[in-house]
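Chemist: Listed below are the residues making up each chain.
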Amino acid sequence: MLEEKIFLKKDLDKNMKNYDFIGLKKSLEFTSEDIVKKITDSGLRGRGGAGFPTGKKWQFALSQESDVKFLICNADEGEPGTFKDRFLLENMPFKVLEGIIIAAYAVKANYGYIYIRGEYSKAIDIFERTIKDAYHMGLLGKNILGSNFDFELKLIKGAGAYVCGDETSLINSIEGKRGFSRIKPPYPVQRGLFDMPTIVNNVETLATVAEIMKYDENIYATLGTEKSRGTKLVSISGDVKLPDVYEIEFGSGTLSDIVKLAGGERGELSFVVPGGLATSILKNDELDVLYTYEDLEEAGSSVGSGGMIVVSKDHDLVDILLNVSDFFVKETCGTCFPCREGNRNIKEILLKLKRKGFKEEYKKTIGELREAILLAARCGFGQSSVNFIYSVLDKFFHEEVI
Amino acid sequence: MKIYINNREYDMPQDISILDAVKKANIKIPTLCYVEGMDPYGGCRLCVVEVEGSRTLVPSCAVKISEGMKIKTHSEKVRKVRRTIMQLIVASHGISCELNCLTCPKATSCELKTIAEEIGVTKINIPPVEKYLPTDFSSYSIVREPTKCIVCGRCIRACSNIQSVNIFTFANRGPNTIVTTFMNEGMGNVDCTNCGQCVMNCPTGALHEVYHIDGVWNAINDPEKVVVVQTAPAVRVALGEPFGMEPGTISTGKMVAALRLLGFDKVFDTNFTADLTIVEEGTEFIHRFKEGGKLPLFTSCSPGWIKFIEHNYPEFLPHLSSAKSPQQMFGAVAKHYYAKKLGIPKEKLIVVSIMPCTAKKYEMNRPELAGDVDFVLTTRELAKMIKESGIDFKNLPDEKYDDPFGITTGAAAIFGVSGGVMEAALRTAYEILTGKELEKIDFVAVRGLNKVKEAEIEINGKKIRIAVVNTLGAARKLLEKMKNGEVEYHFVEFMACPGGCIGGGGQPIPSTEEVLIKRMEAIYDIDYDSKLRKSHENPAVKKLYEEFLGEPNSEIAHHILHTHYVARS
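Listed in order, the protein sequences are those of chains A and B.
Just so we're aligned: the first sequence equals residues 1 to 402 in the working numbering.
Just so we're aligned: the second sequence equals residues 1 to 569 in the working numbering.
These are computed hints drawn from the structure, not numbers from a lab.
One should not assume that every hint holds.
[Stated by the list, open to error] Below, computed lysine-lysine pairings styled on DSSO-like, alpha-carbon distance capped at 27 Å:
#, chain 1, residue 1, chain 2, residue 2
1, A, Lys-184, B, Lys-72
2, B, Lys-483, B, Lys-294
3, A, Lys-177, B, Lys-64
[As the list claims (entries may be wrong)] Which bits of chain A does chain B cover? Going by a derived footprint, with three or more residues having C-beta under 8 Å, they are:
#, region
4, 175-189
5, 211-223
6, 315-321
7, 340-346
8, 366-372
Yeah, the Cβ is synthetic: ideal placement off N, Cα and C, and Gly gets one too.
The following block holds chain B by itself, in its conformation from the complex (with noise of 0.2 Å):
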């Protein structure tokens, strides 16, 4: 199709937006309220353009290119209008000496700024208009800051479009419009599944985590207590995005080292509850299979992922493995096993994962958890405290991990991404079910970005129908068909996030797709170049079963490693 943009010729795909066509011939358009993969919104009018023919400007992300339209993307009148309205944006962000730039929990990714940029704007002619919104400390894992809400809508639509969770809403009329929650009731209070999407699609910093690092400082500063840290698996291939890496970099060594000079007393993995986690739930799969105990099988590990099917499919939660998160696992064994071992009572031992989530900040608090994680920080945070102290994080040598919550397998990298739980319990399922040594070890139909990913294994001769799902949205989906009996499958996985973790809540923003692909490669390269790739060869994980749990799925490893859930309709 041919059209003529800023009267140059170019030929176009069909049925694609002016926006996209735009994009394609390298010019770029600022968009504020439009999310690519969402539904545009068409509120800000920031993409504007002038459309030969048009009375009024287009909005570029909602309309289609048509044969021979002629487009102006930059004119003087397109410019000013941009410029307008960015200051009226502006004026209703609430900016003030309190709502500061400088302490703004966007102030490295502030979307408005680069914007203003993008558009131009020198000054700002129109006073910002004071609102009186009070703050929401009503959840565990998000704040919610309403004053500096420009109610663009994308945390409507991130919450509806991608995770089909629909905790927000608009509320008001004209400029009283505000986003809120049902009866304005928190996000504390609602079916809200602390997933933390919001949080990736604000571009303002109105959406935050609740932040536990005032409370990590204090217990490093104490004493009297031992400070252990753990690290989830897709944290160290997001972490140097803050220090202006490129996204996908591994930088395992680094975080461990400046996590020593943060002052933890000890560096962990959570990689290594991990592992202990496949072999919890993978013999549960294999009781289950073996047994003709509840199937599917439903994994345990994404804490959104566990509050969603609480709220909306309690009728499945017997599909659940009781196994407890990596996480949770962590904080278990530390309190139980470790304080034990260093001779201290619990009380002494603080315990602080690292996290790419914003849901495990809720996870620590569910009542029938809590006490073994004291503190959770997300990428984001740790990226925070690395900066305020100091650190040259970018210059760093590796260091290594503690022992023995250190040695890990690929099987636990794999964790980060939608697809890996999978791929490592298959691992070390297969091997059990048959004795026999898997000969390929990649379960390469479970990887990549889709939403939902099928696969068929035979073990023992028997067919296990498995699925993989990342997103909320498409977990609602699959399963309605299987209510509906259109599905069947022995083992699924469900993780809350845009290809699991690594695109979690906690990570650093922004978490584009191409973002998220490298983020995914990484983790890959982490499991090739692993030694151990499979969980139940990791020795640390054996000698706990020789020293402390007996054998997989025992009385104590139940009592400790396992958990049950609680039907919230």
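With the rest of the complex left out, here is chain A (with noise of 0.2 Å):
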């Protein structure tokens, strides 16, 4: 039987009085150069769904000559089936406001945004007050803690695009633009927030750094394997008893290890979505994959954001095809053809689908679309927009041949 690793979410019965914020007080004392490599050391990957290495993009960004970098906690979670982020906005802020701040630090960044999705109204009042009571306690402003730190937090409010929790979008909407990806390169660690080399990093992240940060040893590099190391907060929903977040010890068990952890499920399982709706389904015959990064990719899915929806028989797959089909359509930001025009077609053949039935030529139709958009997309949202849909057509839907 599988059980929870308790690193990140340690420390849940505290609050930014009691708590003792010994990452940063000992980061405080590193080099900015230290810190990297301990960072880089521990083997973390960004959590928000692409898993590029933490430590590179920090290396990248400390690199940087300017006077002003920016530093941006994404907080914009809008992959669907995914609420890890807003577990540890609502409940365990402090940690990821030390990150944010240990993670400005060793970039160089005196200035630094967050940028919470509209939606979650009840994190954006938590952590309003935790920046307050942070710029009280010496944590924010200048001098931090006595040392020769300055650094300036401000919070956003996304307006409720899917598209702005890709970082080049989410800048563009800081900056009050429309909220569309930008051409890379430049990747904003080169030129960002106003031009300005930004380092934009997902929450659990930050929250894992600070974490890291604490231990004089790097704890995290001895756990999970060796291409995926540490924990990864997996939230859970859909057909299952327990629906909660979830951390896991990467390579510690299966997908059916963590669909039990998580109650069993309510039904008979049909498929699993193991990282959010951007990532393919693996049917119940599939479900014997360690959850790691490269048995996922092996298994032909991903760890992406840790969205995990499990999915009965009791529901109808057209219906859920349309649906997930239309959240692209609203979603696809409308900069490049291939995602626009691809998702808005993806959607009236999956209209005829449900009106006269299945055919072959739908999914070889849809089959080719993906094919365009996976490789020619904009950004990494456009291209992965179909891998959901056409994974439940590669899997369940086949013509009958009379």
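Two chains, two separate frames, one set of hints: put the complex together.
Modeler: What follows is the structure, encoded as structure tokens:
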């Protein structure tokens, strides 16, 4: 029986007043280079969905020569099925804040933003208070905790666009521009917010940084597998008995084990979406796969954002497809043609499927559209927008040959 | 820098895009949203290529080459993706029976068609998307049909990158994304200058001029009406293009012949009133210069520029020359002088202009100018009418303009290019101010396609600083500098379009830099080959002053040939 590995979820009972900010205090005694090295050594990968090594990003950011750099905490958690960042913001805002300050110190950024999705009203209230308290406690502002480091932090509320979770779109949004992705390169680390070097990190990534920095030794590097270090917050929802946020050590169990940890399925299990709607599904007979970046990739899916959705056989697959398609049609930013027009047409085909029944040609056309979108869309959000739909069609729909 | 394109090694300069590098290797990658000289947008994704080591395909317009890069421009994978995207674009383009390609304004210059061929699209599996978007008829100059729009944003970038006017924006999300104007007010109700650079840059027929073709046919067919036509200087070096002639072919004689065949009663030349403009504007400059009037003097021939300054820099309005543009001077002279000469009421005289310009359609409707010009046809519209009449344009024998408004000078001809009005004015102002004949008639410093050109000349021992500006983006920059006191001039020529009227919004499409250079060279050829090259030497202009206007800037000249401006901010 799989058990949770409590690393990040420590200190749940604490608050701003009785949390000690040990990670921050220790960090302020190190040089930036030392912190970046420790994070690099920890093997931590970005928890927003793309899984880019955090240490590498910071190294790149640190090497940028600029008087002004920005650090942005990406809390625009919009991936359907994902609510682990909300969990952190509502329950451990102090740890998220600690991670933000450490990251800023490590990359030498004196200004920062936390961009929280507008629908998270409770998280916004809590974090607003957290920032205010932090200024009173000397955790933000000039000479943080008596050090030479100054850091200002502002909270920005998102206006409800999925694409603003993409870092370049998020930067546009903060600048007051239309939420659509920028052309890379230049990468935000080179030229981001207001054309200054900008580091964008996910909430969970930053909270993990705070925890890693607490210990003299690098505990994180001993957890998980070689390619998937540490633990991951998995938010499980759908047809399970105990939907919640669970902390899983990479490689400690399979997808089936995680479903069991969440109380087991309700009804007869049909398939699981391992990492949010941008990832491909795995059917009930494919769940014997270890929860790591590499194993899920090999199985044709991804860790994604950690938003796991369990789906039983009690649902109409076509309705699910249409619902998901509707989401991506509404949320494609409309800039690049493959994503905008591709998703629009996929929905048309799915409507036809609902009216007329399945035909092999539908799958073929959607397959072609998916390939064009996957290979040519402008941002990661677009590229992954057909994974779910295509994998359901691929695994469940076959024309009956008479 | 060494790179590999389709397995062959090439040595390329640093810091260029993949697209430019591939072009140097004589391979063409299809592009749609990309326009040379404007910021890459990376929206259409047709220019994607395979780059070894990259998980996804790479947009070649937006990514620079790097040492040892291995690029595949037309692999099976790339071609397949391009075909799929092209199908999606065509499906979103709103083709239906009413929007048939046959009737499209871009029927002969459709980029979608060209690109579809380049990509090798043989069938479209995706049905067209139905759109219900109203056509914008609010402007005097330009019609916008959003059903044909593929949302590539080229009009937005032309309006902002080139012109700094910024009337267009994206609105809504996802597939509902549309290009629109502020608060969806329509092009006629925002700060649009009517310059038509959006039309020139639209790859589809979603933007086109307001057609006056039907009105002109009705006038020609009305036996009660005497229909006269004037042709702007930049039309004659571009009109051959829609008939397959090389850009820069001078087709003045064929154009005159074609206009007669179409049924115009008299064929006149706007160049005549360009000469008149120079005499009026030159005299105005001399007055201001001698008597300490408002300087620098700004030229006022470009109606796009006029609307731009009215909206954006009303504090500079007193600098504008009060002289009407050559088109409006022609209209006024025709209605007030020529009609009398013919002995007909002016209502019976119909004045049609052939212009390289969309803003002229707005200009003729300005309340203070209305009534003098009845219709404005763009170069493109004229080509349509010639085709529609079955006229074999290429093989027409040359014919000459009618008198009296057919006698013109080389100074008038160069009105069609950026720097031309300035040069023409200097030729006249110099001789009037000094009383001496100009030795070196060509002011080369103000020629060429550069957006800002400056020069200093000496007249009677006094230094005169001049500047010549084309595109409104460059105009904005210069006016800002002037505001901050960074620059000082005595005389500035402003033209709204790239290269001046030769790159006007009514010209044949495409008007690339290559094409503009050829048109420009042709204009200067016309000037060189002219017997008369100074406006004040035009005998017909002299005669008009003798018979009707008195002298330059006289009371009657002011009444007929000058106008005023409106602050619109």
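Chemist: For the pair supplied as a hint, Lys-184(A) and Lys-72(B), is the alpha-carbon distance within the 27 Å limit?
Modeler: holds (20 Å)
Chemist: For the region 340-346 of chain A, do three or more residues have a beta carbon lying closer than 8 Å to a beta carbon of chain B?
Modeler: holds (count 6)
Chemist: Does Lys-177(A) pair with Lys-64(B) here, judged by a C-alpha cut-off of 27 Å?
Modeler: Roughly 25 Å separates the two Cα atoms, so the pair holds.
Chemist: Under 8 Å between beta-carbons, do enough residues of the region 175-189 of chain A, three at least, approach chain B for the coverage claim to hold?
Modeler: holds (count 3)
Chemist: Quick one: see if chain B covers the region 211-223 of chain A, three-plus residues with Cβ-Cβ under 8 Å.
Modeler: violated (count 0)
Chemist: Keeping to a limit of 27 Å between CA atoms, is the pair of Lys-483(B) and Lys-294(B) held or broken?
Modeler: holds (15 Å)
Chemist: Is the coverage entry for the region 315-321 of chain A by chain B consistent with the three-residue Cβ rule at 8 Å?
Modeler: The restraint on the region 315-321 of chain A is violated, since only 0 of its residues have a Cβ under 8 Å from chain B and three are required.
Chemist: Can you tell me if the region 366-372 of chain A counts as covered by chain B, using C-beta to C-beta distances under 8 Å and a minimum of three residues?
Modeler: It holds, with 4 qualifying residues against the three required.
Of the numbered hints listed earlier, those contradicted by the structure are 5 and 6.
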